[in-house]
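Asker: Here is what each chain is made of, one letter per residue.
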Amino acid sequence: MAERERRSTPPYGGVFHARSRVLDADDVRRAVWRMAHEILEHNHGPDQVVLIGLQTGGVTFAEALADALEKIDGARPPLGSLDVAFHRDDIGLRPVLPAAVTDIPVDLTGQVVVLVDDVLFTGRTIRAALDAVHTYGRPKAIQLAVMVDRGHRELPIRPDYVGKNLPTRRDEMVNATLDGVDLGEVVKSR
Amino acid sequence: MKHLLGIEGLARDDIEHLLDLTDSFVEVSRRRMPKVPALQGRTVTWLFYEDSTRTRLSFEQAAKRLSADTLSFSVSSSAVNKGESLRDTVETIEAMGVDAIVVRHRSAGVPHQITKWVSGSVINAGDGWHEHPTQALLDCYTMREHLGGIDGLRIAVVGDVKHSRVARSDAWAFTELGAEVTLVAPPTLLPPSLDGWPVAVSHDLDAVLPKVDVVYLLRMQRERMTEALVPSLREYTARYGLTRSRVDLLDDKAIVMHPGPMNRGVEIAADVADLPRSVVTDQVRNGVAVRMAVLFELLGSGGER
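Protein chains in written order, with the numbering used here: chain A, 1 to 190; chain B, 1 to 305.
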């Protein structure tokens, strides 16, 4: 789910109802595998690559990408997590989850930072993440990997690695995990 | 949460939420550039009618790390010296448009009174002998950092409880989070009544020390010595000071805390203050992150959770 959608799901609101399955667990695994190859190809190997999963949905995908990169190339890239709550432009509209841990294990100066998220929607989370990354140093480059690109961008942001391009309506909702990708909507519980 | 006036009345969930939020700001403080834009465009001002070093500075550091604008204001060089009333001063500040006022005043209840005159948030940074809530929060956070949690801890609060707003806020916070609190002081330095305080009382420090996880020393307020509440500072140190030999009575893991400023040689021996088990500088460091959490909770997170 993109961050804007997550706001309306538990523990804060309605329940996600899946309408159709877009990818199953095997499809997701294959897409992660392909993206890992693309990251290596694009950067001529794993040197200086740092993976950063965006809390909360991107963290498991960043871990899966790190696993895949390790299997392909033998070296496991540094892996971090980032909660962009304090950098968002809609701060105050969304509760901060103290459980969403930020952990950047290395100095990012001179590194190739690959931001990893589950669903790319408006692009506002990524805007906040670009802002946040600069408080940890000056990377050589920042790239973006997402499991699902569902369109409806509100900012000039595009991903470098995409698991699945999925045309959606604005009021639909995408739930992406390692178990699969579903398209559906949120049913308000109140 | 709109204001932070005291710990009394806060539920365990509220306190734990603020401590959890503090974790996030400790992480921010460790960044190469320890600043986030969370409170951009918000204004925080200070109204300190009493002296302060660490509280004032750490609130200012907290506000700046959240990118809030800060309006500095010194009571001693302001129109207050021309006889301006508290209410007029507050309404002047309010008219300039501030989102939060951090107040310290010698009289209990002043922050509460100010909430009736302003539309923004009010944070109590110490009112008379009443409360000092952010101190209690940073104390809780420091204990959690060193001892893993507060539930079930045995804590001795030693010294001038009577004049201490820190002791009041701490007693509420520690017990609300599940600790057992024992106040250790001569009868003259205890409040006239402890009705409603969920604490035990002792006058024998040596008997209490072996049984506690935390020794919390209060500042001996020398300016109150004219009231002859203790025979002399030396006598106080002999019975209630944490001397080097008393430290040996403590459990190996027990920690020593002090809200500062310390009177070395009075309530705490000079060499005890520098032992590894003394976490006074951690308290100061955590003060910034705790106050970031408070400012963010009141101004940034939209109130509801």
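Don't read these hints as lab results, they were simulated from the structure.
The beta carbon of each residue, even a glycine, is placed where N, CA and C say it ideally should be.
Do not take every clue at face value.
[As the list claims (entries may be wrong)] What follows is a set of in silico ranges between Cβ atoms, one per label pair, in the way DEER data are often shown:
#	chain 1	residue 1	chain 2	residue 2	range
1	A	D160	B	G41	29 to 39 Å
2	A	D107	B	S119	42 to 52 Å
3	A	D179	B	K2	35 to 45 Å
4	A	G74	B	D252	42 to 52 Å
5	B	P192	A	D107	56 to 66 Å
6	A	D89	B	S202	48 to 58 Å
7	A	G74	B	R30	30 to 40 Å
8	A	D160	B	K116	35 to 45 Å
9	A	D26	B	S119	41 to 51 Å
10	A	K140	B	G128	54 to 64 Å
Asker: What are the numbers of the hints the structure violates, in ascending order?
Answerer: 8, 9
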